[in-house]
Amino acid sequence: MSTITDDVEAGSTPPPTRNQKRAARVAEAASVGTKMLLLKIVLLGVVDAIALYALFVLVGHEQWLVAAIVVVVTALFNWIYFSPRKLPAKYLAPGVLFLVVFQIFTLVYTGYVAFTNYGTGHNGTQEQAIDSLMSSALVRVPDSATYDVTVIDEAGQLGLLVTAPDGTVSVGNNETPLHEVSDATVEGGLAVAIPNATSLDFAQVIERTDEITELSVPFSEDPNDGALRTQDGRSAYLYTSSLEYDEAADTMTDTETGIVYSNTGTGAFTAEDGSELLPGWQVNVGFDNFVRAFTDSSIRGPLIYVTIWTFVFAILSVATTFFLGLFLAIVFNDPRMKGRKYYRVIMILPYAFPAFLTALVWSGMMNESFGFINQVIFGGAEIPWLTDPTLAKVSILIVNLWLGFPYMFLVCTGALQAIPEDITEAATVDGARPWAIFRLIKLPLLLVTLTPLLIASFAFNFNNFNLIYLLTNGGPRDANAPIPVGFTDILISMVYKVAFTGQTRDYGLASAFAIIIFIIVAVIAIVSFRKTKALEDLN
Amino acid sequence: MMVKKKGLVGLGAVALTAAVVLSGCSASTGGSDDTKASGSTSSLTVWVDSERVDALKGAAAEYSEKTGIDVKLVGKDTSTIKDDFIQQVPTGKGPDIVMGAHDWLGELSTNGVVAPLELGDAAADYLPVAIDASTYEGTTYLLPYAVENIAMLRNADLVAEPATSFDDMIAKGKAAGLTQPFVVQQGAEGDPYHLYPFQTAFGAPVFGSGAEGYDPTDLQLGNAGGEQFATWLGSQGKNGTGAFNTDIDGDIAKQAFLDGTAAFWLTGPWNVGAATDAGINVAIDPIPSPTDQAAQPFAGVKGFFMSAESKNKVAATDFLVNYIGTEAVQLELFKAGNVLPALTAAAEAASEDPIIKGFETVGADAVPMPAIPAMGSVWQYWGIAEAAIINGADPVTTWQKLASDVQAAIK
Chain A
1 MSTITDDVEA GSTPPPTRNQ KRAARVAEAA SVGTKMLLLK IVLLGVVDAI ALYALFVLVG
61 HEQWLVAAIV VVVTALFNWI YFSPRKLPAK YLAPGVLFLV VFQIFTLVYT GYVAFTNYGT
121 GHNGTQEQAI DSLMSSALVR VPDSATYDVT VIDEAGQLGL LVTAPDGTVS VGNNETPLHE
181 VSDATVEGGL AVAIPNATSL DFAQVIERTD EITELSVPFS EDPNDGALRT QDGRSAYLYT
241 SSLEYDEAAD TMTDTETGIV YSNTGTGAFT AEDGSELLPG WQVNVGFDNF VRAFTDSSIR
301 GPLIYVTIWT FVFAILSVAT TFFLGLFLAI VFNDPRMKGR KYYRVIMILP YAFPAFLTAL
361 VWSGMMNESF GFINQVIFGG AEIPWLTDPT LAKVSILIVN LWLGFPYMFL VCTGALQAIP
421 EDITEAATVD GARPWAIFRL IKLPLLLVTL TPLLIASFAF NFNNFNLIYL LTNGGPRDAN
481 APIPVGFTDI LISMVYKVAF TGQTRDYGLA SAFAIIIFII VAVIAIVSFR KTKALEDLN
Chain B
1 MMVKKKGLVG LGAVALTAAV VLSGCSASTG GSDDTKASGS TSSLTVWVDS ERVDALKGAA
61 AEYSEKTGID VKLVGKDTST IKDDFIQQVP TGKGPDIVMG AHDWLGELST NGVVAPLELG
121 DAAADYLPVA IDASTYEGTT YLLPYAVENI AMLRNADLVA EPATSFDDMI AKGKAAGLTQ
181 PFVVQQGAEG DPYHLYPFQT AFGAPVFGSG AEGYDPTDLQ LGNAGGEQFA TWLGSQGKNG
241 TGAFNTDIDG DIAKQAFLDG TAAFWLTGPW NVGAATDAGI NVAIDPIPSP TDQAAQPFAG
301 VKGFFMSAES KNKVAATDFL VNYIGTEAVQ LELFKAGNVL PALTAAAEAA SEDPIIKGFE
361 TVGADAVPMP AIPAMGSVWQ YWGIAEAAII NGADPVTTWQ KLASDVQAAI K
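Protein chains in written order, with UniProt numbering: chain A, 1 to 539; chain B, 1 to 411.
These are computed hints drawn from the structure, not numbers from a lab.
Don't be surprised by glycine CBs; every beta carbon is placed ideally from N, CA and C.
Treat the hints with care, as some may be off.
[To be verified] Residues on chain B that point at chain A, a partial pick, calculated with CB under 10 Å:
| hint | residue |
| --- | --- |
| 1 | 86 |
| 2 | 185 |
| 3 | 189 |
| 4 | 252 |
| 5 | 310 |
| 6 | 315 |
| 7 | 317 |
| 8 | 373 |
| 9 | 380 |
| 10 | 384 |
| 11 | 391 |
| 12 | 394 |
Please construct the entire structure, taking both the sequences and the accompanying hints into account.
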């Protein structure tokens, strides 16, 4: 609003001198009431208070990078809003902040994941993978007893005071194997303390959880006898480990088979025959995911027909909705038509219902044996609307036509009404027929205004996940495809299936696909907008 | 003047959003924050499916009182709890304990996010099927609290006597004047879980089992029994009797049973409430077998996993084994879900209800659903092959293709 006034002033009066400018600024600053200033201070105070709270939380979590970002952003906001100038920044700052948080961060993160092997079996760091492998490699010695234990602290080193089922009491720690002791205090058949060591009560056990989970007391001098471990600080069991980790060589050895698994840089310990120990860990795999997307024979086949269908779906969706919308707009724009207003209201009704609901209702109506369409309209015919590969595609286009034409109808009506009537009159005087007037004059004029909307509609339908997911979920399934892809899957729903269904997720590959889709849509949008500019120049 | 106002509106928006975003962050990180900051009072964060938070509140409070360890119950949406857990654990922000189902085990273990749980001698107190299901490659990871399996729901007002065999069931239903007496949910991509009892009746389990549970290298799916099952399924499909129909999904099956147009409904305990609420006189029968062998459904076991990155493994183990594993808590959880408890003593107490007793009887034959990752490959092809057979594809060749596809995917 203010910019408009500025423009008008700038246009109608000669440019102000420097002194005038300064006077205007002083006047403006003075005109800001104390109330507004107070409100500004209060609001900024709220922002700062929240930032300060966030800072405490973040520092508590030792998240230094995020904390630094919070400090910088808060300082920036204070500077922008306390500065008397910086008018554009005052408008832009909130929007830019949200853009960065909700869009750019997601984009960058997706880009990052696309270059890793993140997915099932490659979920965390190598350290976590080793921990997890070692703990699941522990096997309880068959038929071994439960040992009641007390955790003891001998000069800072934790040990186990063990009462065996036969009543013998022994002591050991990580270095010293279990050896019998005779001077233990026994309460109710359970050894609770020995001299020169403090026994830990439950609270202390909880406090030193990390040390206790590391505690592994060798049962005897022979390592093959296994070691006692406790999970709850009360009872211990005898375990042997089927894996051994060599830190220097970064290899895992299976103690039963003797197979050595080494870190070959693929994100998992791999044996010479290619078998892997899972869990592995996340590593950077460069362009592997992109290469796989195009060359992996199991993905390539589905990818080709899914891509073709995606284009067909997006182009036909835009074309059908646009032409139906345009046709209806022209019909209802004819002044000879009575009661146009009411028809128009009815026409935009499909647009007023939530698209999710509409898609679900249509999927119910199109059920082969029980759906409304077959049962009522076709008198019990069994037309496989959603289960035949070709017909399912037609059904999707029909439903999308239903969902999309009201929008096109609305924008076409608006654009048609913006075309002056005298153009039509002039053309009629020159002897043009109605079809020629429409084809040669009205349509080009319409397209100038509507092409950007058509491009946006194309981009929307290219990624129209909701409709596909709710109507057919990509089905009917292609029984020959190695990934659970169907004949009506579009790229985005295929990506979803790669990333989020089944037991083997592949986030890296899915992110690579997401980036490929982004590039396709971006290229098409840029090229089309260039074309639109050319169209504008023509007029 | 105008300018300032607009600036203020923007500032207000920033303040508001920042508040929302930050409160979201602090809510999710608050739990681990406390654990780290103060050493003396530990806390356990437990992710629970939202419907069972109340059932655990008593046990959590009691445990806090006794040990001084604060137990934080966080209600989570069941559909996202597994993925959230897998993604959060490596970042260190995950919970100490998560509620889940045993068939997640393969995936959780492959991702290295669960820690082994030593039940010790307490293992003998649970139903054998629950312990079998909680064990993966010889190691126990799950503290079970419920065992779930499907059974045949019968509308006792329509058909008074249980069916003795599959054909008897259809005959009894037809005698009662019903055109589609038996319903089971399928859908365009089939539903192998609900067809599995019939498959096992022909002696075709998915995998053979060894000492450490299911053996992924021993695929039994495509054996001779499997082909007989496929032939039978084809004869009961579209071109046969029509007992199975891929257009019947969960909602249509439910509606048919509630309307009384179907007298038999093969489904799980989760649907019994809807049937009794609709005033139907429900009886739970064993699944009528199409052969002379028993029709064994899959058993699903619900329980609690411990995070591999938990900083409080000792407290978590203690809480699970010594508190969740007690009869009182298991019965509380039973009341919240009406699913048979996994602890034998609690299961006996719960079986006083005839419905639960019915499911328990069927469950005695049930086999744990395989949790091995190879099962993912099976699910991928299984349903569509069965759906194709129901819709008239050649049973034996379709079944052989299924077996070879699965074999190729497992490698």
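Here is what the structure says about each hint:
A cut of 10 Å between beta carbons decides the hint on residue 86(B): the least distance to chain A is about 6 Å, and the hint holds. Against a cut-off of 10 Å between C-beta atoms, the interface hint on residue 185(B) is violated, since the closest Cβ of chain A lies about 13 Å away. About 6 Å separates the beta-carbon of residue 189(B) from the nearest beta-carbon of chain A, less than 10 Å, and the hint is met. Contact between residue 252(B) and chain A, as hinted, is supported at the beta carbon level, the nearest pair being about 6 Å apart and thus within 10 Å.
Taken as an interface hint, residue 310(B) checks out: its beta carbon lies about 9 Å from the nearest beta carbon of chain A, inside 10 Å. For residue 315(B), the interface hint holds, since its Cβ comes within 10 Å of a Cβ in chain A; the closest pair sits about 5 Å apart. Annotation: interface hint on residue 317(B) holds; nearest CB of chain A at approximately 4 Å, less than 10 Å. Checking residue 373(B) against chain A by beta carbon gives a least distance of about 6 Å; that is within 10 Å, so the hint holds.
Of the supplied interface hints, the one on residue 380(B) holds, with its beta-carbon coming within about 5 Å of a beta-carbon of chain A, less than 10 Å. About 5 Å separates the beta-carbon of residue 384(B) from the nearest beta-carbon of chain A, less than 10 Å, and the hint is met. The beta carbon of residue 391(B) is positioned within 10 Å of a beta carbon in chain A (closest approach about 8 Å), and the interface hint is therefore held. Among the interface hints, the one on residue 394(B) is violated; its C-beta lies about 13 Å from the nearest C-beta in chain A, farther than the 10 Å criterion.
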